[in-house]
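Going line by line, the protein sequences match chains W and F. If you count by the numbering used here, then the first sequence holds residues 106 to 401, one letter each, in order. If you count by the numbering used here, then the second sequence holds residues 106 to 401, one letter each, in order.
Calculated directly from the structure, the hints in this document are not laboratory data. Misleading hints may appear alongside valid ones.
Copies of the same chain look alike in the list, so a pair counts if it fits in one copy or across any two.
[As the list claims (entries may be wrong)] Calculated cross-link-like contacts (lysine to aspartate or glutamate; reagent style DMTMM-like; alpha-carbon spacing at most 25 Å):
#, residue 1, residue 2
1, Lys121, Asp108
2, Lys251, Glu203
3, Lys128, Asp108
4, Lys370, Glu401
5, Lys370, Asp305
6, Lys128, Glu161
7, Lys370, Asp174
8, Lys370, Asp358
9, Lys374, Glu161
10, Lys374, Asp174
11, Lys384, Asp174
12, Lys188, Asp305
13, Lys121, Glu136
Number of protein chains: 2
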Amino acid sequence: MKDDLLLGGMEGGGTKFVCAVGKRTGEILFETRFETTTPDETLGKAIAFFRRHSPEAIGLACFGPLDLDPRSPTYGSITTTPKEHWANIDVIGLFRTELAVPLAFDTDVNTAAYGEFRAIQGELVSSLVYLTIGTGIGAGIIIDGKIVHGLAHPETGHLRLPHEKTRDPFGGTCPFHQDCFEGLASGTAMAARWGTSAEDIPDDHPAWSLEAHYISSALVNVILTLSPEIIILGGGVMSRQHIFPLIQTMTLDLLAGYNPSALIKQQIKEYIVPPRLGKRSGILGAIALADAISRE
Amino acid sequence: MKDDLLLGGMEGGGTKFVCAVGKRTGEILFETRFETTTPDETLGKAIAFFRRHSPEAIGLACFGPLDLDPRSPTYGSITTTPKEHWANIDVIGLFRTELAVPLAFDTDVNTAAYGEFRAIQGELVSSLVYLTIGTGIGAGIIIDGKIVHGLAHPETGHLRLPHEKTRDPFGGTCPFHQDCFEGLASGTAMAARWGTSAEDIPDDHPAWSLEAHYISSALVNVILTLSPEIIILGGGVMSRQHIFPLIQTMTLDLLAGYNPSALIKQQIKEYIVPPRLGKRSGILGAIALADAISRE
């Protein structure tokens with residue numbers, strides 16, 4: 106295995122793109138970031154960057170929703186995004202005509218989950234759930250070392266949860282489901298409910314106990330469905346680290362001693378954790394995807 | 106691959122055990138069933154049956170909770186069941202001292218899920234969720250052709266769901282969580298809420314619309330978490346087949362057009378379905394587990 110193989114990664118977000126070229130050890134040699142404008146201009150800059158540094162495989166992470174079904178004629182495209190100019194853009198097709206290297210393609214959050222998985226893989230973990238709680242809520246799931254896709258990709262941000270209507274009459278902000286998880290607990294929901302953006306709400310405000318409650322309800326459902334070996338919570342809202350102990354306690358309370366919580370209880374502080382890679386999960390995950398495809 | 110290899114399967118339930126020996130094609134040659142009494146007597150009967158017919162591998166499915174972690178010193182045991190005499194019984198250990206053949210071990214519901222997976226595998230499905238809704242509610246999940254275990258095993262019966270308290274003031278029957286999925290929608294909950302066992306509630310009773318609502322809420326959460334390629338609903342409550350169209354419609358309504366529902370919407374009648382193997386999912390799943398382990 107050549108450790109000095111050059112690998113490329115792209116983290117394509119709705120407001121900015123990050124592109125990097127580095128080694129499979131995670132060492133980054135070149136990196137650039139630019140604003141997300143039109144698809145031609147933005148993807149053109151990314152392609153020019155990779156041409157300059159000639160990686161031998163590239164992992165492409167992109168905001169979604171994406172068509173990730175390799176059997177589909179539109180595989181590798183953004184599908185129905187409301188973002189102007191970007192609906193139905195064939196991301197992988199554009200790269201393929203310009204760069205003759207293996208390409209991996211996945212959602213931003215799946216890629217971040219994979220980055221985190223690779224960062225802790227030495228600890229014999231084979232499954233994890235990565236949730237990002239920011240403007241929206243998204244999830245990436247790894248089972249048996251692989252990103253879970255199924256029919257499409259997880260949309261765990263939209264779980265239906267018990268809505269504490271007496272304590273929290275706020276109706277929710279999700280345009281699809283009103284008071285789903287994202288509708289009750291995203292940064293957008295917090296700002297709408299409290300009239301202050303999440304980053305400006307003080308640590309001792311009751312907003313955080315309610316926020317921790319909804320996040321814990323979602324985690325209980327994820328644990329009961331998948332019993333993942335570790336849960337990683339990232340995103341803007343989770344940068345408020347004082348909320349972790351609240352979530353750890355409330356998740357155990359809501360599990361109510363139910364299997365498999367004996368194991369979880371013993372190590373709750375190591376079970377629900379912030380990202381090891383901080384804000385770098387996405388770009389390092391994209392390079393890890395390139396690494397995986399270069400070995401196929 | 107020898108198609109005439111003899112394989113054994115055991116479906117160990119709380120009230121009865123079924124043991125069978127057959128071929129990897131699913132053809133059963135010998136079968137016996139007996140009441141669940143003490144562990145010694147019950148497992149003794151199973152072992153005697155397999156001794157008589159000499160299968161070359163055996164799949165053991167058992168009621169749980171089970172220790173399924175191969176790294177655990179108590180791997181292969183029943184753990185904390187309230188069932189008298191059965192807590193901490195080392196099922197796989199007993200078989201291992203008596204029969205020198207490869208043994209697979211899993212929960213009853215995981216095994217049934219695997220049986221269903223093998224029954225539809227020809228259709229290029231690689232993931233499914235199997236829910237059994239009867240006295241209790243359990244789930245088995247297959248991803249990428251393998252049973253999902255994670256830290257322990259899924260306990261999807263205990264999902265937290267929005268409780269329709271205005272329409273349904275009933276408090277729920279779950280001794281751990283009161284109004285979780287099982288507490289609101291198991292056969293036990295139906296009987297407690299309506300004063301009549303589910304099998305005696307007429308098709309046009311409002312109980313079925315409420316039941317379909319809770320099942321659909323749970324399915325929405327499972328779909329948003331895993332986007333499985335097919336969902337199979339078995340168990341006593343689901344033998345009331347008139348509830349399938351209600352669940353199919355309500356699940357789409359609750360997804361509210363959200364991705365990946367476009368795909369699901371086109372084929373909802375083939376997406377949420379009864380078990381292909383009817384009541385035979387468990388025992389045929391156990392034989393399929395034996396088949397899988399005989400190939401390792």
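message: My question is about lysine 370 and aspartate 358: at a cut-off of 25 Å on alpha-carbon distance, are they close within one copy, between copies, both, or neither?
response: within (10 Å within a copy, 37 Å between copies)
message: For lysine 188 and aspartate 305, with the copy left unspecified, which applies at a CA distance of at most 25 Å: within, between, both, or neither?
response: neither (27 Å within a copy, 53 Å between copies)
- request: Classify it for me, lysine 370 with aspartate 174: is the Cα-Cα distance of at most 25 Å met within a copy, between copies, both or neither?
  value: between (38 Å within a copy, 17 Å between copies)
- request: Can you give me the call for lysine 374 and glutamate 161, within, between, both or neither, at a CA distance of at most 25 Å?
  value: The answer is neither: 39 Å in one copy and 45 Å across copies each exceed 25 Å.
task: Have a look at lysine 121 and aspartate 108 and pick one of within, between, both or neither, based on CA distance no larger than 25 Å.
output: So lysine 121 and aspartate 108 fail the 25 Å test inside a copy (29 Å) and across (57 Å) alike.
- prompt: Is it within, between, both, or neither for lysine 128 and aspartate 108, if the alpha carbons may be no more than 25 Å apart?
  reply: The answer is within: 7 Å in one copy meets 25 Å, while 48 Å across copies does not.
query: Checking lysine 370 and aspartate 305: alpha-carbon separation at most 25 Å within a copy, between copies, both or neither?
result: Neither: 32 Å inside a copy, 42 Å across copies.
query: When no copy is named, should lysine 121 and glutamate 136 be tagged within, between, both, or neither for a Cα gap of at most 25 Å?
result: within (13 Å within a copy, 63 Å between copies)
message: As a check of your reading, is lysine 128 near glutamate 161 (CA-CA no more than 25 Å) within one copy, between copies, both or neither?
response: Answer is within; shortest intra-copy Cα gap is 10 Å, inter-copy 48 Å.
task: First find the shortest C-alpha distance between lysine 370 and glutamate 401 inside one copy, then the shortest across copies, and answer within, between, both or neither for a cut-off of 25 Å.
output: Intra 39 Å, inter 34 Å, cutoff 25 Å: neither.
- prompt: Under a CA distance limit of 25 Å, which applies to lysine 374 and aspartate 174: within one copy, between copies, both, or neither?
  reply: Cα proximity of lysine 374 and aspartate 174: across copies only (21 Å, versus 36 Å in one copy).
field: Intra- versus inter-copy proximity for aspartate 174 and lysine 384 (alpha-carbon distance at most 25 Å)
entry: neither (28 Å within a copy, 33 Å between copies)
This entry does not satisfy hints 1, 2, 4, 5, 9, 11 and 12, going by the numbered hints stated previously.
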